[in-house]
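Once you have looked at the hints, place chain E on chain G.
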Amino acid sequence: MKYSIIVLGAPYSSPSANTALNFTNALLSSGHTVFRVFFYHEGVQCANHLAAPPQDEINLPEQWQKLKAQHNLDLVACIAAGVKRGVLDQSEAKRHEKECSNLSQGFELSGLGQLVEATEQSDRVITFGP
Amino acid sequence: MREVSRKKIVVILSQSPYGGSLAREAIDYCLAAAAFEQDLQLIFTSDAVLQLLNDQQPQSIHQKNISKTLSALPIYGVDNFYVDQEALADLGLSEKDLCLPVSIVNANEMTELLANASHTLNF
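Chains as they are written, first to last, in our numbering: chain G, 5 to 134; chain E, 202 to 324.
Looking at chain E on its own, in the form it has when it is part of the complex:
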């Protein structure tokens, strides 16, 4: 089944962590893809940057902590996390507010990531 050469997949995340279930389902896809040893890069744009916030306490709204699930990705060999510089600034956050080591990227760098991808998946 795995005869095709390895593809580079960029996953663009733009949903807030608890505004709907797509954020979690997008990470479920990333975990599955990681388990199948895909070459993944994650770009956090817009409200998705909030998925990376430290000290999330979503128990009171009956949600599972999304940052815990995200933190499992490096265990599966996925550690290419990119954060949209503009989105980070719009939310009034800086790198120290985030729970994983990320690369902060500007619009040009994001364009380059997309240009080098075999596929981009938007969630």
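Bound-form chain G, shown alone:
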């Protein structure tokens, strides 16, 4: 079955991102496809490359990247929610005249249309969080 995942919670503030990661892992290992993971609301923090959790804690942005590398996942963070919370790619950083960007590699900043498309294209859409 084709799934899409919505992550609404920030890593380390709620179990949302961690549970979504485990669920996505479980889906992929049981032979399902994941059309897209859409990070919205505080979930955009999962795409923050500058997050530096302690060594003995799970690095969620890194785990998502790893999953992307293994399964070519489509990881999309909402551009409006991201920019508002300081998660910017290079072009947004330039546009807002910021000195640096911090979007993790493997993530894409894009609009809510991507979430609309995910609901259109998927058999199941599961929301995690906030």
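Because the hints were derived from the structure by calculation, they are not lab data. From the three backbone atoms N, C-alpha and C, an ideal C-beta is built for every residue, glycine too. Certain hints may be false.
[Unchecked claim] Listed below are the simulated DSS-like cross-link pairs for lysine-lysine, each with C-alpha atoms no more than 25 Å apart in a straight line:
#1 Lys6(G) to Lys269(E)
#2 Lys6(G) to Lys72(G)
#3 Lys6(G) to Lys70(G)
#4 Lys209(E) to Lys6(G)
#5 Lys88(G) to Lys269(E)
#6 Lys265(E) to Lys88(G)
[Unchecked claim] Distance windows between CB atoms, simulated:
#7 His100(G) to Gln260(E): 20 to 30 Å
#8 Lys102(G) to Gln264(E): 17 to 27 Å
#9 Ser247(E) to Gln125(G): 29 to 39 Å
[Claimed, not checked] Facing chain G, from chain E, some residues (calculated, C-beta under 10 Å):
#10 Ile210
#11 Asn317
#12 His320
What follows is chain E alone, placed relative to chain G:
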């Protein structure tokens, strides 16, 4: 891109209007989905019923009036608003306190709405 048959999407709203930013972001999603001509139904449960209150004045807490944004939805063709009867009663409100025409639904009717949906999105 739009070859797939039209799906019925139920959006379940449960957040208070100004307790966090999720209420507003949920409506932003609804507006985007409406702009893409999705078949949307909104169910207001729990504190989200407060999003529909008349005469909100959130300027003093530096917030934009959420009911104004909600009122834009019918312009985009979304006018299926359902309010959880129990939540409405818990908040001591009645239909006349609300800024949009809504259908008041009980638990069974909500179950039916969910059963008929292609997707439910929880905000």
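Status of each hint after checking the structure:
A distance of roughly 36 Å separates the Cα atoms of lysine 6(G) and lysine 269(E); the hinted pair therefore is violated under the 25 Å criterion. Of the pairs offered as hints, the one joining lysine 6(G) and lysine 72(G) holds, with about 16 Å between alpha carbons and a cut-off of 25 Å not exceeded. In summary, the hint linking lysine 6(G) to lysine 70(G) is supported, as the alpha carbons are separated by about 20 Å, within the 25 Å threshold. Distance restraint check for lysine 209(E) and lysine 6(G): the Cα-Cα separation of roughly 17 Å lies within the 25 Å cut-off, and the hinted pair is therefore satisfied.
For the hint linking lysine 88(G) to lysine 269(E), the alpha-carbon distance of about 21 Å falls within 25 Å, and the restraint holds. With a CA separation close to 15 Å, the supplied pair lysine 265(E) and lysine 88(G) stays within the 25 Å bound. At about 26 Å, the CB distance of histidine 100(G) to glutamine 260(E) agrees with the hint of 20 to 30 Å. Separation of lysine 102(G) from glutamine 264(E) is about 25 Å and conforms to the stated range, judged on CB atoms against 17 to 27 Å.
Roughly 30 Å separates the CB atoms of serine 247(E) and glutamine 125(G), a value that falls within the hinted 29 to 39 Å. Among the interface hints, the one on isoleucine 210(E) holds; its C-beta lies about 6 Å from the nearest C-beta in chain G, closer than the 10 Å criterion. Using the Cβ-Cβ criterion of 10 Å, the hint placing asparagine 317(E) at the interface with chain G is not satisfied: the shortest such distance is roughly 15 Å. With a cut of 10 Å, the hint placing histidine 320(E) at the interface with chain G holds, because the nearest CB-to-CB distance is about 5 Å.
Taken one by one, the earlier hints fail for this structure at numbers 1 and 11, listed in ascending order.
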